[in-house]
Amino acid sequence: MEEILTVKKISKKYEDVDVFSDLSLSVKKGEKVVIVGPSGCGKSTFLRCLNGLETIDEGEILIDGEKLRQDTKEIYHIREKLGMVFQSYDLFPHLSILQNIVLAPVRVQKRDKKEAEAEAMELLERVGLSSKKDNYPRQLSGGQKQRVAIVRALLMHPEILLLDEITAALDPEMVREVLEVVLLLAREGRTMLIVTHEMQFAKAVADRMIFLDEGRIVEEGSPEEFFTHPRTDRLKKFLKSFAYE
Amino acid sequence: MDPEVLNAYFPLYIQAFWLTVKIGWLGIALSLVIGAIAAFTLHFRIPLFAKITAVYVELFRNTPLLVQLFFIYFALPKIGVSLSAESCGVLGLGLLGGSYMAEAFRSGLDSIPASQTQSALALGMKRSQMFRYVIFPEALTISVPAVVANMIFLLKETSVFSAISLMDLMFTAKDLIGLYYNTTEALFMLVIFYVVMLLPVSVLGSLAEKKVRYRSFGV
Amino acid sequence: MGFDVLLKGNNLLRLLQGLEVALKISLLSVVISLAGGVLLGVVVSLKNNVVNGVYRVYLEIVRIMPQLVLLFIVYFGTTKAMGINLSAEAASVIVFSFWGIAEMADLVRGALAGIPVIQYEASYALGLNRIQAYRFVIVPQILRRMVPLSINLITRMIKTTSLVMMIGIVEVLKVGQQIIEANRKTSPNGAFGVFAVVFLLYFLACWPISMLSKYLEKKWEN
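Going down the list, the protein sequences come from chains A, B and C. Numbering-wise, my numbering puts 235 at position 235 of the first sequence, and it's gapless, one number per residue. Numbering-wise, my numbering puts 52 at position 52 of the second sequence, and it's gapless, one number per residue. Numbering-wise, my numbering puts 138 at position 138 of the third sequence, and it's gapless, one number per residue.
If you are wondering where the hints come from, they were derived from the structure by calculation, not from laboratory data. Incorrect hints may have been included.
What the hints assert, rightly or not - Computed list of lysine to any residue pairs in SDA-like fashion (alpha-carbon distance at most 20 Å, straight line):
(1) A:K81 with A:Y136
(2) B:K174 with C:K218
(3) A:K28 with A:E80
(4) C:K218 with A:S96
Quick caveat, the model's predicted, so the values are computed rather than measured.
Model the full structure from these sequences, guided by the hints.
Written out as structure tokens, the structure is:
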């Protein structure tokens with residue numbers, strides 16, 4: 001399978017402190033990669049570097065063979081290939097649900113508004129929110145907002161979906177409704193890079209697991225060996241912190 | 001600028017300054033009392049009184065102090081309510097300020113989440129204790145920036161008192177300009193005295209606001 | 001109770017004309033304040049040290065100096081200092097705009113600073129460029145925060161224009177005084193009727209605008 005994302009030895013510092021260094025990773029088309037790690041290990045920053053929201057100090061990022069360069073106009077073009085969903089949903093409060101979703105396809109990709117809206121409605125239907133199309137974000141629950149945010153990212157037809165702790169701000173009973181949507185997308189064969197704390201979900205969705213600690217990839221492997229036979233002590237300790245014994 | 005003139009009129013300004021400060025702060029004190037009562041009535045929706053209070057707040061927030069003062073000082077005597085100019089000043093400032101303080105206090109009260117009430121009650125507090133130890137201190141803290149801003153606003157509003165012939169700072173300055181053409185000196189001293197009156201409040205206000213902000217961030 | 005005096009001759013009409021004088025001055029000042037304030041607010045948000053230093057001093061002057069003091073300084077002071085004979089109306093518009101621009105700029109700065117960074121990031125993540133992000137996401141949100149507050153500035157401006165009588169402009173309060181004076185013999189209680197009506201007139205001018213501002217604020221709160 002062809003590689004859609006290649007990260008070559010990237011490094012990033014915040015005021016002399018390494019966030020991560022010499023990080024390399026490649027993702028194939030259709031692959032679901034889940035990144036876990038303790039808070040502050042740099043996993044969110046890593047995702048944000050991939051679509052140029054943060055700059056990298058060294059190394060290079062190739063998306064679909066194209067090099068990501070921060071200071072050019074191409075960044076906007078490349079961002080269209082990367083759909084990102086954030087922890088805090090951050091829908092635009094002044095726009096209705098439907099307007100939130102079609103804003104970028106219509107304005108950025110210059111797609112026909114009718115066509116974009118029709119597709120948006122289809123997607124909303126699938127996540128069970130078509131009745132909310134004219135509501136405003138503040139009228140929705142957290143889980144509903146997050147599902148809308150996913151639809152908003154999907155409508156751009158991205159090559160890769162970046163999901164940055166999308167359930168971290170949700171009440172437990174809403175986590176499931178959001179993760180089910182993600183599982184649905186996974187089965188469709190979409191390429192996804194997921195940062196999460198939900199280990200059960202990670203097990204279910206991942207093709208490959210990555211454990212990031214102190215800015216380095218400590219362990220990497222299939223979900224089975226990752227969860228049942230962790231090789232490093234650090235990962236063992238990390239996984240143990242999720243168990244109640 | 002003529003130092004002789006400054007020297008000669010300094011005592012007059014000092015006198016006017018104290019009068020302005022006195023009326024200003026008495027008016028602010030009155031506005032705090034009126035504002036607290038009005039906010040209480042509005043927040044707890046006390047029947048009838050809440051309606052009357054709402055009308056009062058709208059009336060005084062939407063008219064200028066100068067017009068309010070003219071009404072109290074010139075119009076009320078015609079229906080048998082005569083007050084001294086000083087009392088009119090305090091009353092006018094108190095009524096105007098009360099309508100602003102009411103909103104400040106009320107938004108403080110309104111912003112306390114119900115969970116605070118519930119956790120206070122869950123801890124076994126009586127309602128009176130809950131208000132005294134939890135609701136009022138929290139609401140007051142939240143209101144501080146608005147209250148200080150209102151105080152500054154009210155102290156500035158004192159400048160219109162000369163219109164009902166109170167010998168305040170503006171009155172004194174106008175006298176100097178009108179009678180002796182000492183415009184520069186008159187305006188200079190006017191500015192200095194207002195700076196002396198308002199700068200400390202403004203600085204204290206900024207400090208208080210910072211403190212409040214830290215406190216609410218600390219939670 | 002002295003309301004009869006208002007029905008004599010064209011007294012009521014004269015009062016209304018007085019109000020018009022005040023409203024005209026406030027309207028002109030509002031327009032200047034809006035335009036100038038938006039411009040200054042944006043410039044200040046660019047965070048240039050020198051500009052922001054000057055701006056802070058400017059804001060502090062406006063914050064602690066009563067408008068009436070500024071009015072005196074401009075009206076009496078400029079004549080003395082520069083030898084120009086400024087009309088009272090011009091002095092009023094200058095002072096109220098000086099004050100209004102500062103207020104407006106602070107509103108704009110606050111509104112800009114109040115948009116969470118993530119709103120920009122979410123826009124960029126969707127592929128919007130800077131201009132598109134501002135046009136479709138940031139500015140509409142700013143407007144929703146600004147419009148109610150700017151409308152409120154209008155009522156404050158109207159209320160503040162009552163001060164212009166103190167530098168000799170014949171507006172509604174002054175007209176009121178003249179009417180009372182002229183009818184002292186025939187309507188000794190005229191002061192009550194006249195000032196009650198002036199009170200009401202100001203209320204009628206400001207209250208609907210306040211209501212509109214409150215309504216929009218409610219409607220647009222997120």
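Quick rundown of the hints versus the structure:
Restraint check for K81 (chain A) and Y136 (chain A): not satisfied, since their Cα atoms lie roughly 27 Å apart, outside the 20 Å limit. Proximity of K174 (chain B) to K218 (chain C) is assessed by CA-CA distance (about 44 Å); at most 20 Å being required, the pair is judged violated. Our distance criterion of 20 Å between C-alpha atoms is met by K28 (chain A) and E80 (chain A), whose separation comes to about 18 Å. The straight-line distance between the Cα atoms of K218 (chain C) and S96 (chain A) is roughly 17 Å, inside the 20 Å bound, and the hint therefore holds.
Hint compliance for this structure: hints 1, 2 are not met, and every other hint is.
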